[in-house]
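Listed here are the chains, written in short residue letters.
Protein chains: 4
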Amino acid sequence: MSQQTHRDRLVELRRELHQYPEPAWREFYTTSRIVDELETIGVDELYVGPEVLAEEERMSVPDDDELGRWYEQARQEGAREDILERLEGGRTGAIAVIERGEGPTVALRVDIDGLLREESIDDDHVPATEGFRSEHAGAMHACGHDAHATIGIGVLEAIKDSDFEGTLKVLFQPGEEMVAGGKPMAKSGHLDDVDYLLAVHIGLDHPTGEVVAGVDGFLAVSHFLAEFTGEPAHAGGKPNAGENAVQAMATAIQNLYAIPRHEDGATRINAGDVGGGSATNIIPEQAYIEGEVRGETTHLKDYMQERADRVLESAAAMHGCSVEQSKEGEAPSAESDEGLVEIVHDVSTDTRGVENPIRRDSLGGSEDATYLMQEVQQNGGLAAYVGVGTDHPGGHHTSTFDVDEDSLPIAVDLLSSSIREIASKRP
Amino acid sequence: MSQQTHRDRLVELRRELHQYPEPAWREFYTTSRIVDELETIGVDELYVGPEVLAEEERMSVPDDDELGRWYEQARQEGAREDILERLEGGRTGAIAVIERGEGPTVALRVDIDGLLREESIDDDHVPATEGFRSEHAGAMHACGHDAHATIGIGVLEAIKDSDFEGTLKVLFQPGEEMVAGGKPMAKSGHLDDVDYLLAVHIGLDHPTGEVVAGVDGFLAVSHFLAEFTGEPAHAGGKPNAGENAVQAMATAIQNLYAIPRHEDGATRINAGDVGGGSATNIIPEQAYIEGEVRGETTHLKDYMQERADRVLESAAAMHGCSVEQSKEGEAPSAESDEGLVEIVHDVSTDTRGVENPIRRDSLGGSEDATYLMQEVQQNGGLAAYVGVGTDHPGGHHTSTFDVDEDSLPIAVDLLSSSIREIASKRP
Amino acid sequence: MSQQTHRDRLVELRRELHQYPEPAWREFYTTSRIVDELETIGVDELYVGPEVLAEEERMSVPDDDELGRWYEQARQEGAREDILERLEGGRTGAIAVIERGEGPTVALRVDIDGLLREESIDDDHVPATEGFRSEHAGAMHACGHDAHATIGIGVLEAIKDSDFEGTLKVLFQPGEEMVAGGKPMAKSGHLDDVDYLLAVHIGLDHPTGEVVAGVDGFLAVSHFLAEFTGEPAHAGGKPNAGENAVQAMATAIQNLYAIPRHEDGATRINAGDVGGGSATNIIPEQAYIEGEVRGETTHLKDYMQERADRVLESAAAMHGCSVEQSKEGEAPSAESDEGLVEIVHDVSTDTRGVENPIRRDSLGGSEDATYLMQEVQQNGGLAAYVGVGTDHPGGHHTSTFDVDEDSLPIAVDLLSSSIREIASKRP
Amino acid sequence: MSQQTHRDRLVELRRELHQYPEPAWREFYTTSRIVDELETIGVDELYVGPEVLAEEERMSVPDDDELGRWYEQARQEGAREDILERLEGGRTGAIAVIERGEGPTVALRVDIDGLLREESIDDDHVPATEGFRSEHAGAMHACGHDAHATIGIGVLEAIKDSDFEGTLKVLFQPGEEMVAGGKPMAKSGHLDDVDYLLAVHIGLDHPTGEVVAGVDGFLAVSHFLAEFTGEPAHAGGKPNAGENAVQAMATAIQNLYAIPRHEDGATRINAGDVGGGSATNIIPEQAYIEGEVRGETTHLKDYMQERADRVLESAAAMHGCSVEQSKEGEAPSAESDEGLVEIVHDVSTDTRGVENPIRRDSLGGSEDATYLMQEVQQNGGLAAYVGVGTDHPGGHHTSTFDVDEDSLPIAVDLLSSSIREIASKRP
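Protein chains in written order, with full-length UniProt numbering: chain V, 1 to 427; chain U, 1 to 427; chain Y, 1 to 427; chain D, 1 to 427.
None of these hints come from the bench; they were simulated from the model. Where is the CB? At the ideal position from N, CA and C, for every residue including glycine. Accuracy of the hints is not assured; some may be wrong.
[Said to hold, decoys possible] Which chain Y residues face chain U? A few, computed with CB under 10 Å, are given here: (1) L84; (2) N255; (3) I259; (4) P260; (5) E263; (6) G394; (7) T398; (8) S399.
[What the hints assert, rightly or not] Calculated pairs, DSS-like style, for lysine-lysine (alpha carbon to alpha carbon, straight line, at most 25 Å): (9) D:K238 to Y:K327; (10) D:K238 to V:K238; (11) Y:K327 to Y:K160; (12) Y:K238 to D:K425; (13) V:K327 to U:K187; (14) U:K327 to V:K238; (15) U:K160 to U:K425; (16) U:K238 to Y:K187; (17) D:K160 to D:K425.
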């Protein structure tokens, strides 16, 4: 395939995925489209939906109504009926395997979900002017996962007919944006025999031509939802008869932010989405806090979570309320292994289009690829998180985010060459 | 008209209004229907919409979209085009005047708005089983204002052909539920020459056959909406860069409830509807508190409001936020005048269907009829708030509220007889 | 005894007591001096110290060091050794009984303790210029209990040789200022056979010549001390290792003041004396709140106490602290009985020096005479709290408080005449 | 002087100073005794009290009563009258200068103040058993500043008769424990011509025989005192009439701890000593927070201070109070310069008694030597903070802290050799 044809093919697929962004556990169209491609390519093993997830680890799964709407929408947009059936109940994602002889097992993880954000209609927003803007009102690929899925397909194609010896697994992971899908895939069993894991992300404020062989500095994170329930009462007539869930919530908010700093390093807390009550003249019986805790290490995140739990329980008790907590998403911290970073960095210096190879950089955010990295590392394998620069006009998660499609072939070349290099270096 | 026919007529009108409940400033169908009735009856003067309101005093007016939707709905339900035109922009309500010679000017105030609440579909909820349940999803006459409007029409009919000498004004007031419509009507000028004002409410936990000649104990009330605006920032990467509107909100809530009690009597405070933020990983830039303060007297309500203002301003300043406050509704306290209570009480002992005449009772809630009462009293007139019992299966403002339609003719008889008695007693 | 001699005698005793003010459970000199007087007068029964107290009900008892210091001081000031021995351990107070035949048992309660406040040295403060200012640095009779004790003695003298038939008990109660002594005396058994109880207070913003036959409106009150204990840690090096008692305290304060108002009437809350921590660089391990709750009724006070307990417990738990609560004082609400108020009011209209007899007035504060009133009322007896006006330059509890000594004979006359009248009216 | 004599001499002086510990700005005896020694040694210039301080920079100066008491005590303990006169008003400390030809100006800073802490009387606390325990009840040298002053004297003696060429300044700084004396000495002008500055501390959890050539990781710190003033009122009778300083304080505490973490590094906040109110039945009119903010850099400390100021001001405003803030102490962060660390480290490897020379270590606390280091560095000079290990049974600031006196000659040798080496290396 010529260089141009190769690029065209990747661009075409990415643009198609871009038009149908689907958030966590609703990636029905996306998974169907990916499986379609995988069958076209012809892989040795193909796992779909429930086969790629430890189901009991799924977090932030929407209710049946919500799932039903996206499911139906995917069907109407042409998702394959036989694949849809396998994804019922929001069990999305896929894993493709290529086996080529005796070498090591190398895995590549790409994520596939979109965000709940309305895409820009600006004149200088390419998807809008070029006709591949999101078809889903209020949803958007604003973090490049359309590109990631495309890169996963591209790498499979590149490896398939190469001299690679070993086993390649490409993991198409759902639900990364809510840090909800990493753990179920990490615990699915598919990682058990993986010797090397690469995860990839484009952008991250690096322009096209820059590559970071090892991204570090992931903050461990946990998303929680705390729902307070008290007793309503008429605020004029019987103020004493209520148990005020909004007072519980406010007391909790004040004390969550006041959790002590930790000697061992950076911690974070945010009550990012809160609310309660229904009418000015009713003592509020319901309130909620959706928030997150983070830590420079998993240990620090756990410290924050324990303190937060104590605050939430006590604030509820103080106001005669109960509180239900659920974990909405979670990811540990992680570090890229030097052995793997070394290989990717060396490859990157020789990759067409890479003008500025960087060995390591720090992220300062969170990502649930860390679950997969940790899983592999705990089994004695090596893992690295690779950044592939792309010019992106708007910031990640904003309505004008877009990728420079020139970065697609760069990523595919870098990753497939790295995978072949890893296999060849193995004793 | 026979007793039975009289009752049937009232019931028919009440049931029709019941099917089309409209909240504050959206009483398009209701006003149209009332004006229709008034033209049929034939009154001496008829004022509609802007003619009955001091417009600058309107509170809680919805935005144009919201008004537009209800306006269009009323049109489709058959509201008269010529009347709708006069109500544009949410200027609803009407005043009808009958002039009969030299006597005093007596006014009767009835309110006409519904509530945003889904009506019950229970088997023992009469409007559901008898086929006159609300046609408007999420809206309901759950406080009997459909009956009030009907009573207003009934009293006009009863007085029209009676021996009454003087001037009768019946005020069909919008927006009572949000204590938003009383002040604009009180300040419209139509109260300036009123010597006697009666306001009426059915139910109030009194069964059919009970009548309270003078209801007292209204708590002065003020509804406020406080909107905090800060600065967003990434909660993981730049927590210090944000100005956290949710922290401002939580600090305000804690301190609002902690406003000191007052030596002069009962006060109330409630943060009844609050919220803020948008995502767990963003330092919240927006938050709001919709709440209310009350006092046994207007002075006490003002004390609470002043302290609340101070809390809201300081909480915003503490967290680098701004806060915008708007008054969403307001009503003073008020007392029924003994001179008028005496007359109504005497009449009630002779009214058919009244088995338990009560002189005075206390409400413990709020009502913006107090604005009209205060206006009349300040001009040297007398005012009384009359309660007419009705068996109501569900409590006021609940989805199973309903009225015993037998109370409709009782109310009409009581009020029209009282009005005639007032006029005849005047020197 | 002539009128003048009578007055001189009362003035002399009051001035002597004024010089030796002693706070709760430290009334060693005062009790000794009172017993001395009682023995001089000659009463039929005389109970001292432990004999007048249900010891397990004593509240706010100081520690042994504090008691020892006041005990020793009293000894050095000439308190009788034989009486002091009976008061050991801070068991102060006395009850004197006169028995005169078959009539009813009438009791008069006077309180005898002083306050911890430095007395004024102003030129227009009579005790300072006339040479009977407090000899105890930092302590003062700033609420007239020196006058009350004197009045108790005066009434005994007046009744002793009168035509009174029945039994008179005069209760010299310790520890009123801390609402700590009323309950132990009420539960001592001495009230069991009391048919009528009068309690007396001078001043209360009424001038000399005014008398209130029945004082009402006592707020039930409870004083509490909550002590938080956490864990210290270096604030720079190990902020996470501490459990912060000051954070617990601050959370509690905010939420104590925010306890909801009650539909049934007035409530009060105050965190009047708080503190915590020791050094800026240590996470505070200790903190305390000394506060009070009040209610228009005992029920309302209990509501406040229950909510306060919940707040204190939860605030401690939230911050990993324990909290110890102790009740430092308590008194219920009470009402004066009309039967007794009537008698005292009638007598007051005939009492020399009374220019303005008032039937009833409301206090708006708290007093533990209510325990004794309640005890008598629960046994079927009647009780009244009598106010005797006195010109007082400074307010109660201020350093310039003083009494007009002309009010002493007025009080003695009013009360002894009332007691005789009560006995004579009894069937 | 023999090795043994040298040690004895140091031990004798240290033990004498240990018996008379004096806290910030009260080092009257201590300064007098140091000046006495300096005159005995014979230095070229000697500055005392006001001559060594930029007076307007003094923080945490006690009131006149407190100063007067310590001044009088020092006199009675034999402090020289002529020196005491120069220290009036709490202007303590001294600087001694030796000039030896053309070389560079090297300064050594030692601090001289004690702590307000009762010294142990334990059997294994050497000062207690050897008879040199503190003579000042409640005060103690619990951080080794007695040793530091002694080392300063020892270094002067050692340099005086050596081959040193240049100028040596030894700075005897008052008020380090409250981070109150560093800035006034830094801004006194005496640092203007200093080319090299060494500061020294013993212990820091390093045993005798360890030396740290360059201590780093000082957290910038600021101590503040915030005093709230509101309005008192009777908590039962007029709760609304007060302006509650304790509510302001509690609101501030909650929000101080909730100041957002900072992306640039570690921050700290502590409300370490708080209190308010006076009686349970009075709405509190006074309250205070004595606290501290810290930051990994001065910039981070300033961020915390700005946010804290905003919280304190707004909390006061919210409750109708005023707040007065005073800075009680302050110190920036600082780093030891490699050039100087190198020299000291090299010397330490050759110093008798040094078994474990360490190049660098991190403190994690605060110290106002950083003001002097910063001053020298801003003028183009180099600075290093040197740690000299000493076995200390109790931790710093505890009642059983003591030093191993063998570390005294080690420190003197290390520092005097380093100073000579610095001078000789200068081009």
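We went through each hint and held it up to the structure:
| no. | hint | result |
| --- | --- | --- |
| 1 | L84 | violated (44 Å) |
| 2 | N255 | holds (7 Å) |
| 3 | I259 | holds (8 Å) |
| 4 | P260 | holds (7 Å) |
| 5 | E263 | holds (8 Å) |
| 6 | G394 | violated (22 Å) |
| 7 | T398 | violated (20 Å) |
| 8 | S399 | violated (25 Å) |
| 9 | D:K238 to Y:K327 | holds (24 Å) |
| 10 | D:K238 to V:K238 | holds (23 Å) |
| 11 | Y:K327 to Y:K160 | violated (40 Å) |
| 12 | Y:K238 to D:K425 | violated (41 Å) |
| 13 | V:K327 to U:K187 | violated (54 Å) |
| 14 | U:K327 to V:K238 | holds (24 Å) |
| 15 | U:K160 to U:K425 | holds (19 Å) |
| 16 | U:K238 to Y:K187 | violated (64 Å) |
| 17 | D:K160 to D:K425 | holds (19 Å) |
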